[in-house]
Structures are given as C-alpha cells and as structure tokens.
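J.: Residue numbers (the numbering used here), protein chains in the order written: chain R, 782 to 976; chain E, 12 to 590.
Since the hints were derived computationally from the structure, they do not count as laboratory data.
Incorrect hints may have been included.
Below, simulated BS3-like cross-link-like pairs (lysine-lysine); rule was C-alpha separation at most 30 Å, straight line [what the hints assert, rightly or not]:
#1 R:K810 <-> E:K342
#2 E:K590 <-> E:K516
#3 E:K342 <-> R:K783
#4 R:K842 <-> E:K432
#5 R:K842 <-> E:K590
#6 R:K950 <-> E:K516
#7 E:K516 <-> R:K842
#8 E:K172 <-> R:K950
#9 E:K215 <-> R:K842
#10 R:K810 <-> E:K366
#11 E:K220 <-> R:K842
#12 E:K205 <-> R:K783
#13 E:K215 <-> E:K205
#14 R:K842 <-> R:K882
#15 E:K234 <-> E:K320
#16 E:K205 <-> R:K810
#17 R:K842 <-> E:K320
#18 E:K323 <-> R:K783
#19 E:K323 <-> R:K950
#20 R:K810 <-> E:K320
#21 R:K950 <-> E:K320
#22 E:K326 <-> R:K783
#23 E:K366 <-> R:K842
#24 E:K366 <-> E:K323
#25 E:K234 <-> R:K940
#26 R:K950 <-> E:K234
#27 R:K842 <-> E:K554
#28 E:K220 <-> R:K950
Take a look at the letters that make up each chain.
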Amino acid sequence: MKQEYTITVYTENQVGLLNRIAIIFSRRKINIESLNVSPSEAEGIHRFTIVINEFEEVVRKLCRQIERQVEVLKAYFNTGDEIVWQELALYKVPTDEVAEKLQVERLLREFGARAVVIRKDYTIFETTGHREETDKLLAVLAPYGLIEFVRSARVAIIKASNGFHEKLKEFEAVEPASELIENEFLNKQAEVFSM
Amino acid sequence: MMQAELTKPSLASPEHPVEISGSQAVLEAFIAEGVDTIFGYPGGAIMPIYDALYDYHDRLKHILVRHEQGGIHAGQGYARSSGRTGVVFATSGPGATNLVTGLADALIDSTPLVCITGQVFAHLLGTDAFQETDIINITTPVTKWNYQVTDATEIPQVLAKAFFIASTGRPGPVLIDIAKNAQLQKFSYTGYTKCDHIRSYRPKPIVRKSYIEEAAALINEAKKPFVIFGQGVILGRAEEEFKAFIEKAGLPAAWTILGLSALPTNHPQNVGMLGMHGNYGPNVLTNECDVLIAVGMRFDDRVTGRLDKYAKQAKLIHLDIDPAEIDKNVKSTVPVWGDCKETLPLLTALVHEKKHTDWLNTFHNYAREEHEIVIDQELHPASGEITMGEVVEALNELTNGDAIIVTDVGQHQMVACRYAKFNESKSNITSGGLGTMGFALPAAIGAKFGAPHREVVAIIGDGGFQMTLQELGTIMQAQVSVKMLILNNRFLGMVRQWQQLFHDKRYSFVDIQSPDYVQLVKAYGLEGNSVDDRKNLKEALQKMLDSKDSYLLEVMVGKEDNVFPMVPQGCSVSEIRLK
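Chain R extracted, bound-state conformation (with noise of 0.2 Å):
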C-alpha cells in the first residue's frame, strides 16, 4: 500500500546536491510534496526532509540510491507514526476584517497561533502544527478576506535517532567501525534502511 514517508537524508554542503538528489525522484515520476535543506546538529552536515507517497519498497529501493551518491552520508526513511514533525504556517488579512468580525484573541487561543505583524492594513498570524492543523485555521480565516497563504516544508525528528555527531566521527576515521559501513539493512532488511 502507498503510504506518507518522510526521508531524511545526511549530506554534504555541496552545490548541485540538491539536483542529484531531486533527479532520483522525477527520474522515477515520484512527485516529491515536500522538501528541506537545512543545517544538522552536525557542523557542516546538512539535512534534507522529503516527504513522498509511495510503497514501502519503492521508498526502500530510493534511499538507496540517494546513499550512493558520493556526497550523501546517509538516508532514513520513516513512517509518520516513527517521526515528530511540524509544518509552519503564515497568513496574511486584513486588520479591520479580522478586528471587527472574528475575535482575534479567541482565534489565537484556540490555534496556538501568534500575531507576527499586526499593521493597519494587515496582520501576519503563524501557525505550526501538522497538515490538519495549518489547514483548519486557513479555513477559518478564508472567509475574512485572506490575503495571502504560505505553508513550509516539513521538518522532522526521528524518534529513535541519536543523532549524527557519533557517526559524523564515524564517517570520518579512515578506518570507520563496522557497524557504520556494514550494510545494517541486509541485517533488519524490513526495517531499517542504513548503509
């Protein structure tokens, strides 16, 4: 069955990465819904998110061609039920609208959300939270005149993750440990995909 898999992957800071890691996905017609670069807790790793919906061995067969690329440390993918994620949220309406016919107050309360800009024209509300979330509060503020709307990428923890820092120091000894460069999927090949 397709379901949502979130892959992380470890790289390194290099431009044009980020295309050789795109290609493994348009290559195969696999429409990426959402993707983020950003630093690691690693100095100089980064951290690509990508969220896509496939079969569990498709996603499998992926990761594993993100990992050969010379310049990917490692990749993961996970379940949403194995991750804790968030998606930011920013909407854009205007003051009088939202001032005078919903109560602002009540809005941010029941959201969590936050007043970032507040002008006489307009007011910034953020949000972050899962899809569900981000979503129902642009439906409540479609009715006022919404002016503009933008969601991010998602980001997302591991649960069962340590962290890179150990295996970072790992990568770089010339003689790495053999966890590391043992292929641990062929191991728990349902579970884990790690090279």
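Following the hints, complete the assembly by docking chain E onto the known chain R.
T.: Quick look at chain E alone, frame taken from chain R:
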C-alpha cells in the same frame, strides 16, 4: 639542486611550492595518476589546457578525435581493455554536450572515466555566453560525480577526488568542468596527493562473515546450483578467484554480455550466455536451478526477461559491490555485499569440493539441441548467403580467441557475443547497458591504445558504422591499427528482425544504404576489401589480420537473417524460442 629543478611542478611540496597555472595542475595530476593517453578535441574554453599540453607532449599522448562522442567512446575502450581510467578532454558548450551519450554509456556499464570540460570564465556563468552550457546539470544523471572548478587552487584536490571516485567501488564516469579563468590562474602549487578517503563515500564494504557462511551452506546443500556472472568479476580483477570458486564447487557458470571473457569461453564449466539472445540451456535452466549465485551482475531486463517468472524456484545469493543493486530487481535470499575479489575466496574456502556431473550434463544436452537447431547452420551453412555466425567462427579460427573483439549494437553484436572465443579477460568490449550504436569504431581505437600489444577487431553493422565513421580520420592520423569488420546486411537488422516477428513485417525505415566502404577508407589512406562469396571469406579475413595497419573488411551477409534463440520481450527466460 639546480634552479630549474626547483621550479619543476613534480618536485613541488608544501615546503617548496611552485607557481603554476590551473592548466598545468591538471596535467600534473594526470602524470601523478599514471595517465598516458588523453582522447580529446580542443576549443575556445579549453585552450589554456591545450596550451599547457604543448609542453607535456613528451609525457602525455593526446589523440585528436573527430567528434567528442568519438573521444569519450575511445576513452571507454581504453578503460575496458586496460582496466585503467580513461581520460577525455572536450571544450565547453557543444563539445561538452557531445560527451553525454558516452557518459550515459559509461555509467550504466560501470566504466571508469575522468572527463575534463572547459567552461566559460566564471564571471560569465549564467549569462548565455558564447559556448556556455550548464554541463554540470546536464550531466548530473549520467555521472557518478561531477564538479565545477572556478578557482585553480581547487584543481589538485578535485582531480585527486575525481580519479579516486571514478576507479573505486563500482566504477563510473566523473566530469570536471573547469572555468577558463581557473585554467589560466597562477597559484602556489604544493604538489599532488592522491585521494584515498572521502568521508561520505564508502567504496569498499566490510564483508559480513555470517552471509558468507550462509551462502556457502546453501551452495553445499544445493543439488542444482547455477552461477551467473557479470562485469563485476572483471572490474574486481577477480577472474582467478572466480575460476577457483566455480571449479572447487563444480558449478556451471553463464555470463551476461559484459561478463563475457572473464572466464575463458572454452572452460568446461562455461555454459554460455544469458538473456534475450543467450544460449538455450542457461535461460531454461535458470528456472530449474535450486540455488542461483549471481556474481557482479545487475539483473538487467534483457537478462531476466519477465521478472515475475524469473528463477522463482531458486534461492538467490547475490554478490555485488553496489548495495543499490541488491534486491533492486530480484530479491536475494543471501546478499553478499562486497568486493568479489574478497568475497569469492572466502566463499571458496567454505564450499565443498563437488562435481555436479549430471547437472552439468543437463546444460550440455540443451547445448546439443541448440547446436542442431540453430548453431550448426549459423556457423557452418552449406549454401546461401554468408551468415554473421560463420564470419565470427572463421575469425575465431584465425585469431585462436586471442583478439580483443569490440562490437557495436544490434544483430552482429549478439552474434559476436554468442560465438566469439576468448582466452583472456577484458577482451570483449561492447555497449551493453545503453546499447549505443556508433560505439564500436571509436571504442576500438581506445582499446588499441589501452592494450597496444593485442589485436583489436571491431565488428560493426552497416548502421552503426555510419554513426561514427568520422573517426576514420582519427585512425588515419594516429596511425593506430584497428581491424574493422563490417557485417553488412543492408538493413538495420535488429529492428528489422523485430518488425518481422512482432510487427507483421512492416519494415518501417530499416532499409539503410551504405557508401562504398572500400572507397571510403581509401580516401583515408587505408586498405579495404569487400567479400560476398563464402569461398573468399577466410582468405579475406586472414588478409585483414595480416595487415600491419588498420584495415576494413566488409562482408555481405544474409539480408534477412535473424538472431536466435530469442526470449521475446515480456516472456519468461524459459519461454526462449529456438526459431
């Protein structure tokens, strides 16, 4: 030390830096990496490198090709015959884009290449400058790694990485795009250090003993074990280890077309070719074996036929260096991830000495049937037009299987791979994965430079020859000895065969005319001959082989001959057709 010696770049060190240009740094890197031959074509954006090359011509041989695609295929041929990394130069823009086919070919066939392209000045990047093209993004899907240099100080390090990445792990092509300003820029050069570690790149997996043990146990218990091998054996330089393995365990072994020549064709356990036009036994018995041992091969669809009917009854042991290949197309029972140079001896140590005589005889029985129905007539026809098979068979007799055979793509390729005899590894050079027509002529030029002591015969169809025949100019100028054997059936034969079998003989644009090839090579100062009569064939081949210089022999072969056996597309390997 003399002042002149002090300024020699080869003696530069962190204590004694020498000021050199980026272009010189490229050539110093080549020398440090043991490069002896470059295939290339100059142009505006790579002129500083060519200017520097002027002073290095005593140490670096440069072969001027006639088209950059010819250059890169020559680089591939060089790499395949020598086992070393091929090196190619091209200028920016069209020069660089002309490399794309060769890069795609080298990637899918795991050929180590380092290609250097010139690029416009860094300040012009993105301005649509003359001969500017975004070659990094164009080549990203067809390179193992690529990188754009805009500062000369990066060059030694980047080239060290390029050679390391191209030649280690699963080899592949690397492209380095160097902006003209970086080629011209002078910098303080502190010497060249080879790269042996990149933290994000693990070319050599540590072998897991438990999987070796599991694999050995499966092989020891097997009643009908069957080995299928690919180019991994050659790339891993593991021909001897492979032979020792199959000999100890008494395993029949069949090859993919890129694996061909890794095991001598006359080895008693060599049971032939896999796949669409492979041998009868290996295809049928893939679906009867109980343990299938795949060594350095990637289960291409031309090898497996219909996947859901492929070796379903068998337990699969898959030895490969690239983890992305394991379970990609066929699910393995025991994945042996590693360099087969290491894994094969470990496996050999644990397998029992066996003969499997009855099982091997099953292969021989199928071979006998295939001989009766297909091979005998193909190799020794009594009458009618000359067949491709009899040309290859006559060539076998004259070369004793000692020649390097370079093939193009199509019917002649399948026939040559099926029937050519090989004693030595790295002797079969063909475009397997990408199926690039026009590959053979330039690849044969490169193969000769990679193995100058060996005879190189390029077997080419009349279609493929016309795709890259401009490289006759390279042959003429470089005075390289390449024997060109054109099997001319006056058709794009493989497409015609499919149109005959699957499209009601609707021969749509496969009727191709040829020039007078003998006259053509004459224009390049080369000798040639054409035969259409069986009784002159051997003599003509002998004359071709006896020629010291390059020589072209055209053999007119059966116009509508087909290659059989054949696994039709969408069919299982056991549904192979003998006619």
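J.: So which of the earlier hints does this model not fit?
T.: 4, 5, 6, 7, 10, 12, 14, 16, 19, 21, 23, 25, 26 and 27
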